[in-house]
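Given the coordinates of chain A, assemble chain B with the ligands onto it according to the supplied hints.
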Amino acid sequence: MESILKVIHVEKYYGNKENVTKAIDDIGFEVKTGEFIGVMGASGSGKTTLLNIISTIDNVSAGHVLLDGKDITELAEKEIAKFRRENLGFIFQDCNLLDTLTVHENIALALTINKIPPDEIDRKVIGVSKQLGIEDILNQYPYEISGGEKQRCACARAMVTIPKLILADEPTGALDSKSAGMLLETLSNMNDVLSATILMVTHDAFSASYCSRILFLKDGRIFSELIKGEKSRRQFLNEILDVMALLGGGTSDVR
Amino acid sequence: MYVKLALRNIKRSLKDYAVYFVTIVFSVSILFAFLSLGFSKDVLSLAENMGTLKGMILALSFIITAIVGLMTNYATTFIIKKRKHEFGTYLLLGMEKGQVVKMFLAENLLIGLSAFGTGLMLGMFIFQVFTYIIQTIFESPFTPNVSFSPPATGLSALFFFIMYVMNTLRGGTLVSRMKIVDLIYSARYNEKQRIKTPLLFSAIFMISVLLCVGGGAALAKTLGLSDNRVYYYMALSLACMLGGLYGVYACLPIGLHLLQTKIKKWSYRGSNLFLISQITSKINTTGKTMGVLAMLLTAALCSLSLGFSISAMYKTNIQYESPFDIAVGIDTPYIQSFDEVLHFVHGITPVKDFVDYKIYQITDTTDIRLQKTDILRLSDYNRLRVQLGLDEKQIGKREFIVHSDTWHIRKTIEEELNHHPTIDINGILLSSGIENLFTEPFQQYRINGTRGYALVLPDEICNALPPVKARFVATTYSSAPQTLKGDLTRYIKKEWRPELTSVPSGQSPIAMVVSVKSWSVANGLMGLTTISFGVMYVSLIFFLTVGTILALQQLTDAAEHKYRFDLLQKLGVAREDIKGIVGKQLALYFLLPVMLPVIITLCVITIVNRIYGTFILVENTIPYYTAISFAMFLMVYGCYFIACYRGFMRNIMRKSPHI
Ligand SMILES: Nc1ncnc2c1ncn2[C@@H]1O[C@H](COP(=O)(O)OP(=O)(O)OP(=O)(O)O)[C@@H](O)[C@H]1O
Ligand SMILES: [Mg+2]
Chain A
13 MESILKVIHV EKYYGNKENV TKAIDDIGFE VKTGEFIGVM GASGSGKTTL
63 LNIISTIDNV SAGHVLLDGK DITELAEKEI AKFRRENLGF IFQDCNLLDT
113 LTVHENIALA LTINKIPPDE IDRKVIGVSK QLGIEDILNQ YPYEISGGEK
163 QRCACARAMV TIPKLILADE PTGALDSKSA GMLLETLSNM NDVLSATILM
213 VTHDAFSASY CSRILFLKDG RIFSELIKGE KSRRQFLNEI LDVMALLGGG
263 TSDVR
Chain B
38 MYVKLALRNI KRSLKDYAVY FVTIVFSVSI LFAFLSLGFS KDVLSLAENM
88 GTLKGMILAL SFIITAIVGL MTNYATTFII KKRKHEFGTY LLLGMEKGQV
138 VKMFLAENLL IGLSAFGTGL MLGMFIFQVF TYIIQTIFES PFTPNVSFSP
188 PATGLSALFF FIMYVMNTLR GGTLVSRMKI VDLIYSARYN EKQRIKTPLL
238 FSAIFMISVL LCVGGGAALA KTLGLSDNRV YYYMALSLAC MLGGLYGVYA
288 CLPIGLHLLQ TKIKKWSYRG SNLFLISQIT SKINTTGKTM GVLAMLLTAA
338 LCSLSLGFSI SAMYKTNIQY ESPFDIAVGI DTPYIQSFDE VLHFVHGITP
388 VKDFVDYKIY QITDTTDIRL QKTDILRLSD YNRLRVQLGL DEKQIGKREF
438 IVHSDTWHIR KTIEEELNHH PTIDINGILL SSGIENLFTE PFQQYRINGT
488 RGYALVLPDE ICNALPPVKA RFVATTYSSA PQTLKGDLTR YIKKEWRPEL
538 TSVPSGQSPI AMVVSVKSWS VANGLMGLTT ISFGVMYVSL IFFLTVGTIL
588 ALQQLTDAAE HKYRFDLLQK LGVAREDIKG IVGKQLALYF LLPVMLPVII
638 TLCVITIVNR IYGTFILVEN TIPYYTAISF AMFLMVYGCY FIACYRGFMR
688 NIMRKSPHI
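As given, the protein sequences belong to chains A and B, one line each in that order. Taken in order, the first sequence gives residues 13 to 267; the numbers are from my numbering. Taken in order, the second sequence gives residues 38 to 696; the numbers are from my numbering.
Hints are computed from structural coordinates only; laboratory data are not their basis. It is possible that some hints are incorrect.
Said to hold, decoys possible - Calculated from the model, a selection of chain B residues having no Cβ within reach of chain A, i.e. all distances over 12 Å:
#1 158
#2 211
#3 257
#4 514
To be verified - Derived EDC-like pairs: lysine to aspartate or glutamate, alpha-carbon spacing no greater than 16 Å straight-line:
#5 44/A x 80/A
#6 41/B x 117/A
#7 142/A x 156/A
#8 127/A x 603/B
#9 134/B x 91/A
#10 44/A x 14/A
#11 616/B x 603/B
#12 119/B x 111/A
#13 121/B x 106/A
#14 48/B x 111/A
#15 136/A x 147/A
Just so we're clear, the structure is a prediction, and the values are computed from it rather than from any experiment. Every residue, glycine too, gets a C-beta built ideally from N, C-alpha and C.
Chain A with its partners taken away, still in its complex shape (with noise of 0.2 Å):
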């Protein structure tokens, strides 16, 4: 399979002369068309930074970060956004929602930017809320649902523009375990079906055990990584957990 990111040498300081702060520290990785990656660490390891990086939120200090073949680091201002509205997903931990509309004109407003012809819109809102079991809380507003809805929402909305990579970071930070475990099926549900290529930043062992591959970052640095193959989903979460516990955090003092 064809890779679909390339991360290389890519570095990231924070702060002035005086004071730097390394927040990604020369990392390299490679991602296939139709991985479901997850990115673990401590909290201040770097993970929202490389998200970012990749994401075209943020700049890189050195290095290179070609997505689909393309360098991202060296597209101008007005090609950024058309490549984000055609290639990139994104479903953040606030969902980012925007509250004056309602849940189905969220999600029609991704297809509206990326110019989909208007007759196909509503055929695609609704298909993509009935994979996802929010066909009831469409005419809702986003103040009016609650926050396992609201992810699954944003969910939506990141997959309806058929996106090349999906980017998550901690998407299920601020849910129980019952809407955290339906949204990582639905995520899970859309890497095998779709095969949609997914990266997410994730500080919790159980959301990362639904990854086929993690990467462990620490100070800015990969500092290992695990591939779930043909293990269960019960003995990588095991693996991760011994991971973590090397790593100095434990599952519940990650954060």
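This is chain B with the ligands only, laid out in the frame that chain A set:
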């Protein structure tokens, strides 16, 4: 879809920032109403020099545009800050920045244009009310004239462009410059808290207090000066006071913070802890904003109280100023008669009656009450009283009359009449009593008694006195035209007695007075209108600005507050108690910036009243109008407080988590 999104955003903005947009509408309407007034032909034709009103309105409009512009600037920045996350989401979904900026501009310009339109309509109505008031003041019939004068409308549009559209455009630039990372993660970073060392803080605080007090003391001193430097010093001491005021407020939150850490017991009492932390949570900005608001309030309160007092002074002076239809005074005895003047006046407006007389003085006397005191002949005095429609007075051969229309020296005169009622005129003793003191308006100071009073002596005693000034008073059948004052002055100086103006060097020029009642009345009314409308114009806008900024600050922090108040509720505070805490918090926010301005205004008013109060012909004018000004302020401020309180309660009680 974009249109739908923009419309929904507009709807939400109008709801969340209603106070702000209502203020914009009011500002436009006030601006337009005053500009219409300045360009209204009906109003400008009321008095010869009404152009002053127009000039003042134009000048003040610039100040007002600047202040409202500042407020808009503040509000725009505030709203953008609150919408950062939303803008970030648009970008995240792949919207281009230009598109986001376009949407922001479209939303705000649409809101702005409708606010401008509404403002013009409301302004037209206010303008009618103003016209009615002014025409009533001038006792001219009210002529409603609903037409948008091109210069007033054009200027309103220009000022609106400067104060609103330019700020919106600036906001657009601000949005376009923001980086997506900052937008998405905006909520994460709090305002950096930097507390200066207590020592430095105390020093700044002390200096500010000293500036305030010193400014006040300097003001009290300099107001007594009688040369032109008084304006310079006055401006300087006012600037000191305002600067000190700003300093005190800028230090206030830090002071509270230090107090909170020092005096634990006090801060744990009741809801003190919660309230203080609300104020100190944004240490740097809260203090500075309050400082600016306090300066605006002080300026507004002072100018409103003093402006109203001054215009009231004009109003009372109108009747005292020129009781006679026409009066001419030339301070030389060498004018035989005013026949030519009478002839000239008669050519313009028919004269019904006139008095051509002299004023006498006693040259050698040791009685200081008589030195340089103007003396009238009894027959002239009675003729003058007839001109005013008053009864004639009779006295005995050895009696005299005192006439004084000036209240602040009346007490002294009464005392003299009670205790030393006798005067010595060249060896003849004359006496008087309190019953021979008359106080009708008599145009003293300028015509009949330069020291504020005049003595009236029997004719045969005056025969022995030297005349020193020539006077002429005329009563006309109908009110003389206002232009007569200028024409008559020109006639006297250019044609009749050109020698009066060409004084040989080394000699002081001969004083000359020409007064025409119709002109004086119009001039007084013009002054009254100009000053009272001017201060109202500025103060109203300042009050609106201060109220809006305070309300906006409170309402837009609602998301944060909601979280805090939810927490309080979870901690077991009852709904009723929450209402109480909200009331207290808002009252604190609204009261803090007014406290010092009120104190300073009262001090300034007291100082001014002590020094100038005596020159005003009616007692307690200044305190009376100060009270009226404060009542006006309280009304406007109270409206903002209530609007803010209701909005706040709605915000923290509603289910939706957004802002
Ligand atoms: N805007 C910024 N300015 C300065 N330093 C930053 C900034 N953003 C992140 N950092 C620093 O970079 C490092 C990595 O931060 P990052 O947000 O990527 O951590 P993370 O792994 O996502 O942590 P968490 O699990 O708590 O979300 C941290 O030390 C953080 O303090
Ligand atoms: Mg993070």
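Here is what the structure says about each hint:
1. 158: Answer for residue 158/B: holds, closest chain A Cβ roughly 28 Å.
2. 211: holds, 16 Å
3. 257: holds, 52 Å
4. 514: holds, 74 Å
5. 44/A x 80/A: holds, 10 Å
6. 41/B x 117/A: Roughly 10 Å between the alpha carbons, so the hint for residue 41/B and residue 117/A holds.
7. 142/A x 156/A: Between residue 142/A and residue 156/A the Cα gap is close to 19 Å, so the pair fails against 16 Å, i.e. violated.
8. 127/A x 603/B: With Cα atoms ~42 Å apart, residue 127/A and residue 603/B exceed 16 Å; violated.
9. 134/B x 91/A: The hint holds at about 11 Å.
10. 44/A x 14/A: With a Cα-Cα distance of about 6 Å, the restraint between residue 44/A and residue 14/A holds, given a limit of 16 Å.
11. 616/B x 603/B: holds, 13 Å
12. 119/B x 111/A: With Cα atoms ~13 Å apart, residue 119/B and residue 111/A stay inside 16 Å; holds.
13. 121/B x 106/A: Between residue 121/B and residue 106/A the Cα gap is close to 14 Å, so the pair holds against 16 Å.
14. 48/B x 111/A: holds, 12 Å
15. 136/A x 147/A: holds, 12 Å
Violated hints for the displayed structure, listed by number in ascending order: 7 and 8.
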